[in-house]
Amino acid sequence: MDAPRPANLASQSSAHRLREAGLRATQPRLNVLHVLTDMGRHRSVDDIVADLQEQGTPLPRTSVYGVVAALLARGLLMVTDVGPGRALYELADGWHHHFVCRTCGSIQDVPCIVEERPCLSPEQIDGNVDEAQVIFRGRCSACLAAKNTRSKSLGRQPRRRH
Numbered sequence: 001m002d003a004p005r006p007a008n009l010a011s012q013s014s015a016h017r018l019r020e021a022g023l024r025a026t027q028p029r030l031n032v033l034h035v036l037t038d039m040g041r042h043r044s045v046d047d048i049v050a051d052l053q054e055q056g057t058p059l060p061r062t063s064v065y066g067v068v069a070a071l072l073a074r075g076l077l078m079v080t081d082v083g084p085g086r087a088l089y090e091l092a093d094g095w096h097h098h099f100v101c102r103t104c105g106s107i108q109d110v111p112c113i114v115e116e117r118p119c120l121s122p123e124q125i126d127g128n129v130d131e132a133q134v135i136f137r138g139r140c141s142a143c144l145a146a147k148n149t150r151s152k153s154l155g156r157q158p159r160r161r162h
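The numbering used here applies: residue 1 is where the sequence shown begins, and numbers increase by one.
These aren't lab readings, by the way, just hints derived from the structure by calculation.
Idealized CB from N, CA, C, for every residue including glycine.
Incorrect hints may appear among the rest.
Said to hold, decoys possible - Distance ranges between label pairs, derived from CB positions: (1) E123 - A50: 38 to 46 angstroms; (2) D93 - T57: 20 to 28 angstroms; (3) T62 - C143: 20 to 28 angstroms.
Take these sequences, add in the hints, and give me the full structure.
Below, the structure is given as structure tokens:
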């Protein structure tokens with residue numbers, strides 16, 4: 001995991017990204033970008049609201065939705081589609097796919113081999129594809145290890161006879 005950046009450097013970088021995208025660097029936008037930069041990927045609006053509250057920079061949920069919509073429209077954020085449920089957002093800082101653990105629900109980024117958008121091209125489509133998402137599903141290494149540990153411990157317990 002990367003070391004956290006100093007707040008002023010992160011602020012300058014976020015402000016620059018906003019201006020490059022044609023947006024003003026307002027405090028709510030900077031705060032949401034900081035949460036997505038510092039707290040990690042794949043955050044729901046509820047996660048962002050809670051993270052802002054914990055950081056002492058609370059924003060109403062409707063304001064967070066407005067900021068997220070503006071950042072999405074300008075290409076600074078992407079929606080992470082991991083199936084049914086709440087929408088998850090992340091910085092649009094590189095094309096990748098996702099692995100979702102069926103046991104714990106954790107999400108991991110999977111690099112896209114060609115790192116372009118989209119990296120898969122459908123043979124027959126009447127239109128222009130501007131997004132493609134691949135979701136790998138299975139069990140993460142932590143859940144596999146936990147299952148193996150439980151299986152081994154269960155195997156050592158004597159069975160009851162009736």
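Evaluation of the provided hints:
A beta carbon spacing of about 44 angstroms between E123 and A50 agrees with the range 38 to 46 angstroms that was offered as a hint. Checked against the given bound of 20 to 28 angstroms, the beta carbons of D93 and T57, roughly 22 angstroms apart, stay inside it. Between T62 and C143 the Cβ separation comes to about 36 angstroms, which falls outside the hinted range of 20 to 28 angstroms.
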